[in-house]
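Protein chains in written order, with my numbering: chain A, 1 to 215; chain B, 1001 to 1193.
Take these hints with a grain of salt, some might be off.
Label-pair distances were calculated between CB atoms; the ranges are [what the hints assert, rightly or not]: (1) ASP19(A) / GLN1076(B): 25 to 33 Å; (2) THR165(A) / LYS1155(B): 50 to 58 Å; (3) ARG166(A) / ASP1008(B): 55 to 63 Å; (4) ARG32(A) / ARG1014(B): 50 to 58 Å; (5) ARG1056(B) / ARG170(A): 16 to 24 Å; (6) GLY1003(B) / ARG37(A): 46 to 54 Å; (7) ARG1069(B) / PRO20(A): 51 to 59 Å.
Covered stretches of chain B, as calculated for chain A (at least 3 residues, CB under 8 Å) [said to hold, decoys possible]: (8) 1005 to 1019; (9) 1028 to 1037; (10) 1125 to 1139; (11) 1146 to 1156; (12) 1173 to 1183.
These are computed hints drawn from the structure, not numbers from a lab. No experiment lies behind these values; they were computed from the predicted model shown. C-beta atoms are modelled at their ideal positions from N, C-alpha and C, and glycine is treated no differently.
This is what each chain is made of:
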Amino acid sequence: MTCKDWNEDWVAHLYSELDPEQERTLAAHLDRCASCRATLDELSSVRRTLREAAPVVPSAPRVVVLGARGRRPPWLLAASLAAAVLLVGAALVAWPRWTEPAPSSGTADLRPAEDADRETIARMEATIRALEERLARLETKPPRETLVSPAVSKQELALALDHLTRRFDRERARDLESVVQALTAAELRTGSRLDQTREAVHLLALRQDPRFTEN
Amino acid sequence: MSGSTDEDLVRAVRSGDTDSLGVLVARWEQPLFRFVYRLMPRSEDARDICQETFLRILRSADRFRDGSRFSTWMYQIALNLCRDHLRRRQRWGRLLTDGPAATERASAAPSRSLEGDPGQAIERDETSRAVQWALAQIPPGQREVLVLKEFEGLKFREIAEILGCPESTVKSRMYGGLCGVRKALERHGFREV
Chain A
1 MTCKDWNEDW VAHLYSELDP EQERTLAAHL DRCASCRATL DELSSVRRTL REAAPVVPSA
61 PRVVVLGARG RRPPWLLAAS LAAAVLLVGA ALVAWPRWTE PAPSSGTADL RPAEDADRET
121 IARMEATIRA LEERLARLET KPPRETLVSP AVSKQELALA LDHLTRRFDR ERARDLESVV
181 QALTAAELRT GSRLDQTREA VHLLALRQDP RFTEN
Chain B
1001 MSGSTDEDLV RAVRSGDTDS LGVLVARWEQ PLFRFVYRLM PRSEDARDIC QETFLRILRS
1061 ADRFRDGSRF STWMYQIALN LCRDHLRRRQ RWGRLLTDGP AATERASAAP SRSLEGDPGQ
1121 AIERDETSRA VQWALAQIPP GQREVLVLKE FEGLKFREIA EILGCPESTV KSRMYGGLCG
1181 VRKALERHGF REV
């Protein structure tokens, strides 16, 4: 029996699920084998870490069982499917913009946002316009004049634009996450009824790609 | 009713007594949520899956085999729902994004710098997040076994029954899972407790 053959017994020993005879056999091997003792110590250490730093689980939300669902009425299925299609449609409208490279000039084209986000986006748009105006003024001046320009250097502007671009990327990632979450929740409730829609969505998504040609 | 076994309650549900399902829900909602939450990346998903698990128990009570253990059956249903849900998320994520990179963003490694943190509470929080992240790095089969064994305290035999595989396979996955978590923590420089 090689040391690797003890893997299962180590695990059973860690969780006290070996019978006395197996414990004695394992103990006799550990007396002779420093490598196995070291491996067992490492596994014990991982167990301690898992126990003492276990991720905190929030309290379970109350599960309310209202009774067997039975057959869902057709209008509910249709409403669920329509909601899923609307969400997918919103994703498809935004999808080409998400896959295009960031525009080099002009105000970034933003997707429709919740009321709470409109103010933030309006401020971001105003900031971008102001930064682009400054960049345009700097670019039209001879180089030596930029050395006496007030306040903002080209490097600072580039850094600010980069920061804004990364903020847009984060917003975009959050939007995508919301769409994926809604779609998977819709599929959980409606079972496999979105399968055909998924194929249609896939084809529609591919059609947005200029490299795609239908045969 | 509160003194009835889980199996008695399922038999009552089978006879149409939905109050018995309420007792089962009260008994098992927290352990079930805890189990599902450790497998799923989001608490909203864990909540949906728990809800769906109890609904399936209600709908399929007539398929519960006498002599079986209720908790085994419940965990099997929940596990299948978790696996389906993760597959769905990957499928939709691939469809709508640039590929695996985008869906992996949600499980980005936590910051590994503990220097300058003022207290043990902060360090413990960082370590908890590191453990959560490390658990997400190991294969799903190993993660399932690790969660059921280490956090739910089930016996290897029970886990084998839930997963429908031999006990030796369960132990082998447990060994792989522990090693995988250790390597993930080491890779990002986290000191073990």
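Hints, verified against the model:
no.: 1; hint: ASP19(A) / GLN1076(B): 25 to 33 Å; result: 27 Å, holds
no.: 2; hint: THR165(A) / LYS1155(B): 50 to 58 Å; result: 53 Å, holds
no.: 3; hint: ARG166(A) / ASP1008(B): 55 to 63 Å; result: 58 Å, holds
no.: 4; hint: ARG32(A) / ARG1014(B): 50 to 58 Å; result: 56 Å, holds
no.: 5; hint: ARG1056(B) / ARG170(A): 16 to 24 Å; result: 37 Å, violated
no.: 6; hint: GLY1003(B) / ARG37(A): 46 to 54 Å; result: 48 Å, holds
no.: 7; hint: ARG1069(B) / PRO20(A): 51 to 59 Å; result: 27 Å, violated
no.: 8; hint: 1005 to 1019; result: violated (count 1)
no.: 9; hint: 1028 to 1037; result: holds (count 6)
no.: 10; hint: 1125 to 1139; result: holds (count 7)
no.: 11; hint: 1146 to 1156; result: holds (count 6)
no.: 12; hint: 1173 to 1183; result: holds (count 6)
When each numbered hint is compared with the structure, violations occur for hints 5, 7, 8.
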